[in-house]
Amino acid sequence: MVHFFTFNHNNIEYYFIWDIESGSLFNVSNVAFLCAKNLYGTLSDRESDLFNKTPKDDIKFFSNEFKLLEQDGCLNSKQSVKSFKKNLNYVKALCLHICHDCNLNCDYCFAGGGKYNSPKDYMTFDVGKHAIDFLIENSGNIKNIEVDFFGGEPLMNFDVVKKITDYAKITAKNSNKNIYFTLTTNCLLLNEDKANYLNEEMDNVVLSIDGRKETHNAVRHSLNNKNAFDIILNNAKYFVKIRGNRKYYVRSTFTNKNLDFSNDVEFLRKEGFSQISVEPVVLPKNHKLAIQEKHIEKINNEYDNLANSYIQKREEGNWYNFFHFMIDLEKGPCISKRLTGCGAGVEYLAVSPSGDLYPCHQFVGKEKFKIGNVFDGINKSEIRESFANNTVLIKENCKNCPAKYFCGGGCASNSYNFTGSISNTYDIGCKMLVKRFENSLAISAIEKIASNS
Amino acid sequence: MKQINIIAKNTFDKNHKIGCNECQASCQSACKTSCTVGNQSCVFQDVAVNKKESDRA
Ligand code: SF4
Ligand code: SF4
Chain G
1 MVHFFTFNHN NIEYYFIWDI ESGSLFNVSN VAFLCAKNLY GTLSDRESDL FNKTPKDDIK
61 FFSNEFKLLE QDGCLNSKQS VKSFKKNLNY VKALCLHICH DCNLNCDYCF AGGGKYNSPK
121 DYMTFDVGKH AIDFLIENSG NIKNIEVDFF GGEPLMNFDV VKKITDYAKI TAKNSNKNIY
181 FTLTTNCLLL NEDKANYLNE EMDNVVLSID GRKETHNAVR HSLNNKNAFD IILNNAKYFV
241 KIRGNRKYYV RSTFTNKNLD FSNDVEFLRK EGFSQISVEP VVLPKNHKLA IQEKHIEKIN
301 NEYDNLANSY IQKREEGNWY NFFHFMIDLE KGPCISKRLT GCGAGVEYLA VSPSGDLYPC
361 HQFVGKEKFK IGNVFDGINK SEIRESFANN TVLIKENCKN CPAKYFCGGG CASNSYNFTG
421 SISNTYDIGC KMLVKRFENS LAISAIEKIA SNS
Chain V
1 MKQINIIAKN TFDKNHKIGC NECQASCQSA CKTSCTVGNQ SCVFQDVAVN KKESDRA
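Protein chains in written order, with this note's numbering: chain G, 1 to 453; chain V, 1 to 57.
Simulated from the structure, these hints should not be mistaken for lab results.
Note that the structure is a prediction, hence the values are computed from the model and not measured.
We treat Cβ as the ideally placed atom computed from N, Cα and C, and that holds for glycine.
Worth double-checking, as some hints may not be accurate.
[Stated by the list, open to error] Computed list of lysine to any residue pairs in SDA-like fashion (alpha-carbon distance at most 20 Å, straight line):
#, chain 1, residue 1, chain 2, residue 2
1, G, K177, V, K9
2, V, K9, G, K60
3, V, K2, G, K247
4, V, K2, G, K399
5, G, K257, G, N234
6, G, K247, V, I4
7, G, K60, V, V43
8, G, K331, V, V43
9, G, K169, V, E22
10, V, K9, G, F16
11, G, K247, V, V43
12, V, K9, G, Y15
13, G, K399, V, S41
14, V, K9, G, K169
[To be verified] For each label pair, taking beta carbons as the anchor points, the in silico distance ranges come out as:
#, chain 1, residue 1, chain 2, residue 2, range
15, G, E200, V, E22, 21 to 29 Å
16, G, H221, V, I6, 36 to 44 Å
17, G, N196, V, V43, 40 to 48 Å
18, G, N196, V, I6, 44 to 52 Å
19, V, I6, G, S48, 42 to 50 Å
20, G, P55, V, E22, 19 to 27 Å
21, V, E22, G, N64, 23 to 31 Å
22, V, V43, G, P55, 15 to 23 Å
23, G, K241, V, I6, 35 to 43 Å
24, G, K85, V, E22, 44 to 52 Å
25, G, T6, V, V43, 19 to 27 Å
26, G, S118, V, I6, 38 to 46 Å
[Stated by the list, open to error] One side only, chain G facing chain V, incomplete, derived with CB under 7 Å:
#, residue
27, L25
28, F26
29, S29
30, Y40
31, N144
32, M326
33, C334
34, I335
35, S336
36, G343
37, K399
38, P402
39, F418
40, K448
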């Protein structure tokens, strides 16, 4: 299967051919693009008119060139892996819900104000300790294991974070495992002491800020602090200053109220953040902030604007990284990961404050997805089984999707929330994802062409 | 320009069908709402795709 797309940068139209099954990318002339599209795709009426004017010799030349690429297995290639099931023999990553409470109240929070639609709850060290023991015991031969401190706001239960970290480091060392920690925070409590601690102990830190002050304040409300945005921004900037080159992300959410989100990215960049992730909100379609079908065209144009300024800024020496434009065309993940995506419910599980196990953080509190607890282990193996089978290969909408080996079949939770099944797709999300995917291919290609010239 | 410029060729490593599973679980990296896997790096490749080329290991 072959996918065709174009990208305009600095008034130059770039024509791209993407071979879906082999992961091959070609930047071609307009004529070559039309000839390939005639052979492997469907020409629009306007393209047909142009193709009919193409000299016969050119058509013959390109047909021969494309035949050679086909023989090389990099054009019009066939699907080689037809079925796959995720290995159920281990759990390697846990998301610990350190507390179901939050000092911000965001209009779009999937956790219902941090509480997951249940009473406030804080994880105890005892639950955390059992979670770590569960992880070590269930990680089999896997050497690299991961723990993510999540909430609500995990800094509201900071002492427990520290105790669990200490315990996990010792236990992992005794078991000959490498353990990696991530913490996600809204930065309101991120004073210098805590920042220094996180910088020392966490392998990755995710700082939630929604970009410009007006964007942030429109949807993220502080319970008792009018200057919350300024505090958050200053705390995040301090953290990033001491962080240097080590891993972190500033993570924002955009809603239908800031469809010009490239300005939020630019704001964050100018404030000195170089690792930026700005994500579309996922909400039921009748929510006042929800992304709906009618917003897609504007959003996709905005991704084009962002991609253009991204290339330009990086070229000018103002390098930054945008999470969803990251792509590794040389040394990306193996095909197993590409087929199975996020690993929720199988290798990745979430732990509620009371120790219940769920397929991932977004399923926490959904009773029918509770698969056990950290004291007694997994007792609903049929739920895990259903997640293990839930690969990109079984999803009807993914069969011909150009992004399938980059997306891995999408988010099971979004699929469940929108369709009632974990094995479908969240179509609005797919439209944005495919656009971002094309943009990231175009960025890679244009940067590669520039570095070779 | 070249008529057909190969930017990347056969980039999916189909030989590692089972995978070693030592790489980072994708929802741990940043987003927590819409993970993708193509922007993750293989743990055995000395490349961190989120770093400036000159800063990569
Ligand atoms: S973008 Fe959507 S259709 Fe494409 S692979 Fe992902 S979930 Fe499937
Ligand atoms: S189901 Fe969705 S939210 Fe959960 S780990 Fe997978 S991609 Fe992330």
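Q. So does I6 of chain V sit 42 to 50 Å from S48 of chain G, Cβ to Cβ?
A. Since the Cβ atoms of I6 of chain V and S48 of chain G sit about 27 Å apart, the hinted range of 42 to 50 Å is violated.
Q. Does K9 of chain V pair with F16 of chain G here, judged by a C-alpha cut-off of 20 Å?
A. holds, 13 Å
Q. Is it true that the CA of K9 of chain V sits at most 20 Å from the CA of K60 of chain G?
A. violated, 23 Å
**Q.** Given hint V43 of chain V paired with K247 of chain G - CA-CA distance at most 20 Å
**A.** With a Cα-Cα distance of about 15 Å, the restraint between K247 of chain G and V43 of chain V holds, given a limit of 20 Å.
Q) Are the Cα positions of K169 of chain G and E22 of chain V separated by 20 Å at most? A) holds, 18 Å
Q) Are the Cα positions of K257 of chain G and N234 of chain G separated by 20 Å at most? A) This hinted pair is violated, its Cα atoms lying about 24 Å apart.
Q.
Quick check on S336 of chain G please, does its C-beta sit within 7 Å of some C-beta on chain V?
A. This hint holds: S336 of chain G lies near chain V, its Cβ roughly 3 Å from the closest one there, short of 7 Å.
Q.
Take the shortest C-beta to C-beta distance between L25 of chain G and chain V; is it under 7 Å?
A. OK, holds: L25 of chain G within 7 Å of chain V, min 4 Å.
Q) Taking the closest Cβ pair, is C334 of chain G under 7 Å from chain V? A) At about 4 Å, which falls below the 7 Å cut-off, the nearest Cβ of chain V leaves the hint on C334 of chain G intact, so it holds.
Q) Hint check: is the beta carbon of F418 of chain G less than 7 Å from a beta carbon of chain V? A) The hint is violated - F418 of chain G has no Cβ within 7 Å of chain V, the shortest such distance being about 12 Å.
Q | T6 of chain G paired with V43 of chain V, Cβ distance criterion 19 to 27 Å | A | Once the Cβ atoms are compared, 35 Å apart, the range 19 to 27 Å for V43 of chain V and T6 of chain G is violated.
Q. Given N144 of chain G as an interface hint, is the shortest Cβ-Cβ distance to chain V below 7 Å?
A. holds, 5 Å
Of the numbered hints listed earlier, those contradicted by the structure are 1, 2, 3, 4, 5, 6, 7, 13, 14, 16, 17, 19, 20, 21, 22, 24, 25, 26, 30, 37, 38, 39.
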